[in-house]
Structure formats: structure tokens, C-alpha cells
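Student: One letter stands for each residue in the lines below.
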Amino acid sequence: NAGVTQTPKFRVLKTGQSMTLLCAQDMNHEYMYWYRQDPGMGLRLIHYSVGEGTTAKGEVPDGYNVSRLKKQNFLLGLESAAPSQTSVYFCASSEEFATNEKLFFGSGTQLSVL
Amino acid sequence: GQQLNQSPQSMFIQEGEDVSMNCTSSSIFNTWLWYKQDPGEGPVLLIALYKAGELTSNGRLTAQFGITRKDSFLNISASIPSDVGIYFCAGQPETSGSRLTFGEGTQLTVNP
Chain G
1 NAGVTQTPKF RVLKTGQSMT LLCAQDMNHE YMYWYRQDPG MGLRLIHYSV GEGTTAKGEV
61 PDGYNVSRLK KQNFLLGLES AAPSQTSVYF CASSEEFATN EKLFFGSGTQ LSVL
Chain V
1 GQQLNQSPQS MFIQEGEDVS MNCTSSSIFN TWLWYKQDPG EGPVLLIALY KAGELTSNGR
61 LTAQFGITRK DSFLNISASI PSDVGIYFCA GQPETSGSRL TFGEGTQLTV NP
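These protein sequence lines map, in sequence, to chains G and V.
Mapping the first sequence onto my numbering, position 75 (from 1) lands on 75, and the numbers just tick up by one.
Mapping the second sequence onto my numbering, position 6 (from 1) lands on 6, and the numbers just tick up by one.
These are calculated hints, taken from the structure and not from any lab test.
Mixed in with the good hints, there may be bad ones.
Here are the computed lysine-lysine pairs in the DSBU-like style, where the Cα-Cα straight-line distance is at most 35 Å [unchecked claim]:
no., chain 1, residue 1, chain 2, residue 2
1, G, K14, V, K51
2, G, K14, V, K70
3, V, K51, G, K102
Computed, partial: chain G to chain V, Cβ under 7 Å [stated by the list, open to error]:
no., residue
4, G3
5, Y31
6, P39
7, G40
8, L43
9, V88
10, F90
11, K102
12, G106
13, S107
The structure displayed is predicted, hence computed values, not measured ones.
C-beta atoms are modelled at their ideal positions from N, C-alpha and C, and glycine is treated no differently.
With these hints in hand, go ahead and build the complete structure from the sequences.
Tutor: Here's what the structure looks like:
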């Protein structure tokens, strides 16, 4: 039981390049999330999904797209990377929503955009 | 979005000391969660609180849901080196449909 797995762990991009971050969970959770973590700013929600085939915008969605084609996978895409997107990205999943939102996190992807 | 103020931002303590940190908000929250993040890893849930005034322990960790529902506290007793990491509070705002909001984190360093 691996929990939440993110790939890759590290990536360096040049401005304007595109990439996709992959998140996979084996807990059969309905809900999945993408966060970014920046120094002194905690975790900010980018996009989330309440089930297969659904996506919704979070607090900081601009410059990112997501897809949830399969229940266990949640992909985060950057179409044209910018230096402001240099951050650590975390995927998370949860069994419940709303008031019982206990999140299980992956180990993160360190992304640098030059 | 909702704002959570977490303090202190960092703490440097000696092994064996007790630690206290807190989160406050101007808004009412229905749920408070405390997470710990080890270096190079994602946050891991420590304690979840669901009722005002609730006091919950997890080993040497104790957290409380403030009576006003606008704050929460985490205490660590008799700290050990493996307590090092970043501690995050997270709250579920009362506003319907609101997502979890995270504090900025408290970086804890424990000197042996």
C-alpha cells in the first residue's frame, strides 16, 4: 500500500516549457487535490477533484490545468512554465469531503523554472 | 480566502523542553487539523479536532479546539530530536463550500 505517489520528485524547466506532474493513489479515495508550497506561505490549493472526470479551481489556479480521467490518478499540467511557478507541489487525496477533510499527502515535487 | 495566522514562525529548543504553538483566525472554523512535515516529505496528519473546546492527545502531542472556534493550539511535551520539522495547522471554515485553509507553518528545531 503505497498511499499517494508523485512523479517526478525533481524537475528543472526553462521558461515557456510545458510539463505534467502525475499523482497516483491506491486508497480508492474519491477526492484529490494539488497544492503548492512556498516559503512562509503554507500550502495553497491549486485545483481539486471530487471524483473521476471532475475538476474544480482552488485558490491559485492560473497557469495550471488538471485532469482526472481515472479515479486513482490526478494530473497537473503547466502549459507554459513561468519562474513564478517555481515551488514544491504536493498532491493529496481524501476519503471524505467538507468537514472531515483529512488529507493524505504525497512526498512532493520540487520544480524550478529558470 | 480565509486567513490563518500561525505562530511562532520558528522555534529553537533544547531536547526535553515543552513546545507550544497556535493558530488564530478572524473567521469561525468547523474543523482544526494539525500536520507535521518532515524534510523532503509531505505533511502527515497528527491530530484532528471537530468540536469547540475539544482536547485531543496523540502520544506527547496535545491539541485543543478553541472555545471561540477561531483558534487552535498544539503542545508537544518533552521534545526529542525527531520532533524536528514544520508543523502546520489547517482549518475548515464554517462557510459552506470552503476548502481547507493552511497556516504558514512553524519550523521546529530541537537541539540534542
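Student: Compare the structure with each hint and give your call.
Tutor: Status of the hints after comparison with the structure:
Restraint check for G:K14 and V:K51: not satisfied, since their Cα atoms lie roughly 48 Å apart, outside the 35 Å limit. For a cut-off of 35 Å, the pair hint linking G:K14 to V:K70 is broken: about 43 Å separates their Cα positions. Pair hint V:K51 plus G:K102 holds up; C-alpha atoms about 15 Å apart against a cutoff of 35 Å. Among the interface hints, the one on G:G3 is violated; its C-beta lies about 9 Å from the nearest C-beta in chain V, farther than the 7 Å criterion.
Contact between G:Y31 and chain V, as hinted, is not supported at the beta carbon level, the nearest pair being about 11 Å apart and thus beyond 7 Å. With 7 Å as the threshold, the beta carbon of G:P39 stays out of range of chain V, its nearest partner Cβ sitting at about 9 Å, so the hint is violated. A cut of 7 Å between beta carbons decides the hint on G:G40: the least distance to chain V is about 6 Å, and the hint holds. The beta carbon of G:L43 comes within 4 Å of a beta carbon in chain V, closer than 7 Å, and the hint placing it at the interface holds.
Taking 7 Å as the C-beta cut-off, the interface hint given for G:V88 is violated, the closest approach to chain V being about 9 Å. Hint status for G:F90 relative to chain V: holds, with the closest Cβ pair at about 5 Å, below 7 Å. At about 6 Å, the closest approach between the beta carbon of G:K102 and any beta carbon in chain V falls short of 7 Å, and the interface hint on this residue holds. Proximity of G:G106 to chain V holds as hinted, the smallest CB-CB distance being about 5 Å (cut-off 7 Å).
With 7 Å as the threshold, the beta carbon of G:S107 comes within range of chain V, its nearest partner Cβ sitting at about 5 Å, so the hint holds.
Hints 1, 2, 4, 5, 6, 9 from the list above are not met by this structure, while the remaining hints are.
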